[in-house]
Amino acid sequence: MNSPKFAGDPLVAVRNLRVSFRLDRQTTFDAVKGISFDIPRNSTVALVGESGSGKSVTSLAMLGLLPPENSIIDPASEILFGGRNILGLSMGELRKLRGAEISMIFQEPMTSLNPVFTVGWQLEEVLRLHVGLSGKAARKRSVEVLREVGIPEPERRIDAYPSQLSGGQQQRVMIAMAIACEPQLLIADEPTTALDVTIQKQILDLIADLQKRRQMSVLFITHDLAVVGEIADYVVVMRNGEIREQGPAKDVFEHPKDTYTKALLRCRPQLERRPARLPVIDDYMHGSGPKHTEERRRGVAPGDAIVLDVKNLGKSFYSREGLFGKREFKAVKDVSFRLPKGKTLGLVGESGSGKTTVGLTLMRLHEATTGEAYFEGKDLLSMSPKEFMAYKRRIQIIFQNPYASLNPRFTVGQILVEPMQIHGIGDSAQARTDMAFELLDKVGLPEVSFYKYPHEFSGGQRQRIAIARCLTMRPDILICDESVSALDVSVQAQVLNLLQDLQDEYGLSYIFISHDLAVVKYISDEVMVMNEGEIVEIANSDEIYRDPKKPYTKRLLASIPKGWQGARAAD
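Okay, so the sequence shown: first residue is 1 according to the working numbering, each after it adds one.
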């Protein structure tokens, strides 16, 4: 697809970029297949697509960061920046270019910042290498940049280590390092994916403000078109290494031409409606659209049977202070709620609000400091470990990161069969194996998955395996801790549909923990808002979104990305 024509010469012109990777001596994989697009001066271009679309490979090629040992770039490919083809530069020329003229913000700041050096040292290193500043001049400039990106008390925070900062502050430090040398192009690779909705909005507003004030160009990489609508002037949609559609954001959002673009726009849960099933990519790619358009009713009624009754739950953590003293941190403070059978309670709040601690404490992965949790008339929190063993299988948890929660040394079959063996489910090895095959089918995975290892699956497939593992216990309650947050919007829709199907079939009750308020609105019957360990507000999901009572809830809801129409209506 030809790139659209813009007034004047673009800052960056990508022409016929082809990138392959060697898998072994005979096999190569085509990651990027001859794409062309422009990044105009003083504008923001969004590169959008699912995992594996080639968008991050494209950005790494711009910085010469592709691994030389197994990447192959077609000799006819060009990435023109300032009249030079970046792909033909020497390593020394690339080092001068990176950081000074082109900078990059990565998705996960904690893995990008060096944990053993202070924020100031890392900022000053950038200025020393690319601008030649050192000593007091570099420190002064570092403080100025930290203040510009909104770090509170920059004179003090400059001596902090990354671990002493919140996730949002770490990302601001990454942005400060990226803009310190006043680059012409800023590449932001999924910079808000793992952040709370309020912090996400702050980072988006910060990048947009910096782009305007510094008159630089931004390449914003994401899988979320709702975020794109907030920030982009131009949009490039990629799939399987190819560009499916590109053009001004207004045209792409209001009049999408490609079927895949239409599907991406419609897969994400909408605040205005709640279809019985979310549409997925295949609904559009292999058909005329979603087949289930009726609305799903949500809410909790006074007569609903209660499966879990939590009263005055509290959890404190202690740290040493001085020689003999200790300091108490109250992570959860006097939390009470009731979970009806077959319903979903959404738990929302910013990082540090205590929502994950609530889930882990109910699982007895943390021991509660105070409170009770009644399940079938028995207090789960006061049981002995031996007594709790019989109930442990009936409350299961799905963690956020399926890459870390599955044993890489076990096959999927072993992952599914082991918990059944421990809890005495199934009267024989063959019966447990048959149950494992049945559950794989239930979560939409083929039988051959039983014999494979976790690394052979995508993130969405691994999350399905994690769900199947929970189902081996035949639980009554599933705690979903940010279990769809890291997934592409299309895979997210598939997992949400799966969770809904399982709830319909088995009458499961969910505690759904998430910072994505659009997802919470879709899946939840009731929503509980937490802040600093306390309940701020709790109500039926439609009611709390329609008429929030507390200022904190209103601030959370105001931070939800509104997409193209909402963002422009607010201008």
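Calculated directly from the structure, the hints in this document are not laboratory data. Among these hints, one or two may not hold up.
[What the hints assert, rightly or not] Below are the BS3-like pairs computed for lysine-lysine, each with C-alpha atoms no more than 25 Å apart in a straight line:
no.: 1; residue 1: Lys550; residue 2: Lys311
no.: 2; residue 1: Lys341; residue 2: Lys201
no.: 3; residue 1: Lys392; residue 2: Lys311
no.: 4; residue 1: Lys452; residue 2: Lys201
no.: 5; residue 1: Lys378; residue 2: Lys333
no.: 6; residue 1: Lys452; residue 2: Lys442
no.: 7; residue 1: Lys96; residue 2: Lys33
Computed from a predicted structure; not experimentally measured.
Here is what the structure says about each hint:
Using a Cα cut-off of 25 Å, the hinted pair Lys550 and Lys311 holds, with the two alpha carbons roughly 22 Å apart. As the CA atoms of Lys341 and Lys201 are separated by approximately 35 Å, the hinted pair breaks the 25 Å bound. With a C-alpha separation of about 19 Å, the suggested pairing of Lys392 with Lys311 holds against the 25 Å cut-off. Between the alpha carbons of Lys452 and Lys201 the distance comes to roughly 40 Å, so the proposed pair goes past 25 Å and is violated.
Between the alpha carbons of Lys378 and Lys333 the distance comes to roughly 22 Å, so the proposed pair stays at or under 25 Å and holds. Pair hint Lys452 plus Lys442 holds up; C-alpha atoms about 17 Å apart against a cutoff of 25 Å. Restraint check for Lys96 and Lys33: the C-alpha separation of about 28 Å exceeds 25 Å, so the hint is violated.
Going through the hint list in order, the structure does not satisfy hints 2, 4, 7.
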